[in-house]
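My request is simple: use the sequences and hints to build the entire structure.
Which chain is which? The protein sequence lines are A and B, in order.
With our numbering applied, the first sequence corresponds to residues 426 to 647, in that order.
With our numbering applied, the second sequence corresponds to residues 426 to 647, in that order.
None of these hints come from the bench; they were simulated from the model.
What you are looking at is a predicted structure, and each value in this text was computed from that prediction instead of being measured.
Backbone N, C-alpha and C fix where the C-beta goes; we use that ideal spot for every residue, glycine too.
Treat the hints with care, as some may be off.
The following residues of chain B were derived to be distant from chain A, with all beta-carbon distances above 10 Å [as the list claims (entries may be wrong)]: (1) ILE495; (2) SER497; (3) ASN549.
Straight-line Cα separation of at most 30 Å, DSSO-like style, residue types lysine-lysine; simulated pairs [claimed, not checked]: (4) LYS510(B) with LYS606(A); (5) LYS510(B) with LYS435(A); (6) LYS606(B) with LYS510(A).
Protein chains: 2
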Amino acid sequence: METFRVLEVKQSIFEDNDRDAEKLREQLREQGTFLINLMSSPGAGKTSTLMRTIDALGDKMKIGIMEADIDSDVDARTISQTNAKVIQLHTGGMCHLDAEMTRQGIEELKADGLDLVVLENVGNLVCPAEFDTGAAKNVMILSVPEGHDKPLKYPLIFQVCDVLLVNKMDVLPYFDFDLEKLKEYALMRNPNLKIIPISARTGEGMNEWTNWLQSQIDEFKK
Amino acid sequence: METFRVLEVKQSIFEDNDRDAEKLREQLREQGTFLINLMSSPGAGKTSTLMRTIDALGDKMKIGIMEADIDSDVDARTISQTNAKVIQLHTGGMCHLDAEMTRQGIEELKADGLDLVVLENVGNLVCPAEFDTGAAKNVMILSVPEGHDKPLKYPLIFQVCDVLLVNKMDVLPYFDFDLEKLKEYALMRNPNLKIIPISARTGEGMNEWTNWLQSQIDEFKK
Chain A
426 METFRVLEVK
436 QSIFEDNDRD
446 AEKLREQLRE
456 QGTFLINLMS
466 SPGAGKTSTL
476 MRTIDALGDK
486 MKIGIMEADI
496 DSDVDARTIS
506 QTNAKVIQLH
516 TGGMCHLDAE
526 MTRQGIEELK
536 ADGLDLVVLE
546 NVGNLVCPAE
556 FDTGAAKNVM
566 ILSVPEGHDK
576 PLKYPLIFQV
586 CDVLLVNKMD
596 VLPYFDFDLE
606 KLKEYALMRN
616 PNLKIIPISA
626 RTGEGMNEWT
636 NWLQSQIDEF
646 KK
Chain B
426 METFRVLEVK
436 QSIFEDNDRD
446 AEKLREQLRE
456 QGTFLINLMS
466 SPGAGKTSTL
476 MRTIDALGDK
486 MKIGIMEADI
496 DSDVDARTIS
506 QTNAKVIQLH
516 TGGMCHLDAE
526 MTRQGIEELK
536 ADGLDLVVLE
546 NVGNLVCPAE
556 FDTGAAKNVM
566 ILSVPEGHDK
576 PLKYPLIFQV
586 CDVLLVNKMD
596 VLPYFDFDLE
606 KLKEYALMRN
616 PNLKIIPISA
626 RTGEGMNEWT
636 NWLQSQIDEF
646 KK
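Dropping the structure here:
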């Protein structure tokens, strides 16, 4: 028996995404739900980072996860092993989520009463960066095997994010990856970007990440 | 001094991409230029695989490379160290190339007289798969760190590709990556897909890949 719903989300027909995003952000503000938009390349470790995050914060607050995918329920199935509420969003081939699709997910998740909701966006460094989902904060994961030159090639996503989690730090010795160069390139795109090296496998850096998240939620709830 | 040009490519205003693609394929057929459309996630190793490919085939045939990127010349700069002709295509934020953008690149590259041209598409598993570029063959790179579940999540790109290169085999011991499961999932999407495990770093599998490519070009030239 499935422990999560699957929702086929539809793009907004009105196409004023910025207005839709502001409206959703206002609604979430009123109901006290902190929404994170989590973006990365395919396979950078969004779901495993979420598993660690739920493990660290799941006893202190009510968490909901929206897993967006073109097709498949792989990630929702994984998250459903935790105490977080989870829903799978299918985008029907779409390469990103807009604010209206996010709103449909929030409604179906029945997010009222949840302290933190994370939208796991489609694995893609290009299109998701172009659409405000209505989230309070945008978070990006870049993994060590992808290389430190990515801020040069995918500028926008680094500009729109508040936090950059540099995942798979445990395999750093096996790759030509220069963390200092990554920081330099990323801060060139966005001087306010908070950069936290982590390993979702070993747990490295997860305290710094979840402490940041907790402090943001505390601030939001004030 | 730059050894390559940078071209700002524009999307077709006619929007009959399939017709444009057929037209370009016919033109390339007539001039005897074999075009490969190379797709992958960001950081899967497209450029380093191309470096190895040029190294293996560059003395036997005339090769041209079109490096597509949203912004930056990082990859064209790398390729310009080889004896291949290279051009950088800037997509101006676009997440993929269509046939008209490819045609503009072919024209600027002056591809007439080249035996093999490789279009390195924007790093993205979603959008590039939706647009026929006019290439004779589509090739995809998936790297070990991305995980073996990708054919479940990004079905279309596996369906449209002729060859799947599984890169970064040298780091297999450090990841939970099941090559047999990947093959099973990928062949489920596309039973005709040729799957070649490689390492652009160590050279593993490069013979099988370049032999395949050589045989395809020989066939094409007949």
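Here is what the structure says about each hint:
Distance check on ILE495(B): its Cβ comes as close as 6 Å (rounded) to a Cβ of chain A, failing to clear the 10 Å threshold; non-interface status is violated. At roughly 4 Å, the least C-beta separation between SER497(B) and chain A is not larger than 10 Å, which violates its mark as non-interface. At roughly 5 Å from the closest C-beta of chain A, the C-beta of ASN549(B) falls inside 10 Å, breaking its exclusion from the interface. Restraint check for LYS510(B) and LYS606(A): the C-alpha separation of about 29 Å stays at or below 30 Å, so the hint holds.
For the suggested pair LYS510(B) and LYS435(A), the alpha carbons sit about 44 Å apart, so the restraint of at most 30 Å is broken. Using a Cα cut-off of 30 Å, the hinted pair LYS606(B) and LYS510(A) holds, with the two alpha carbons roughly 29 Å apart.
Hints 1, 2, 3, 5 from the earlier list are contradicted by this structure; the remaining hints agree with it.
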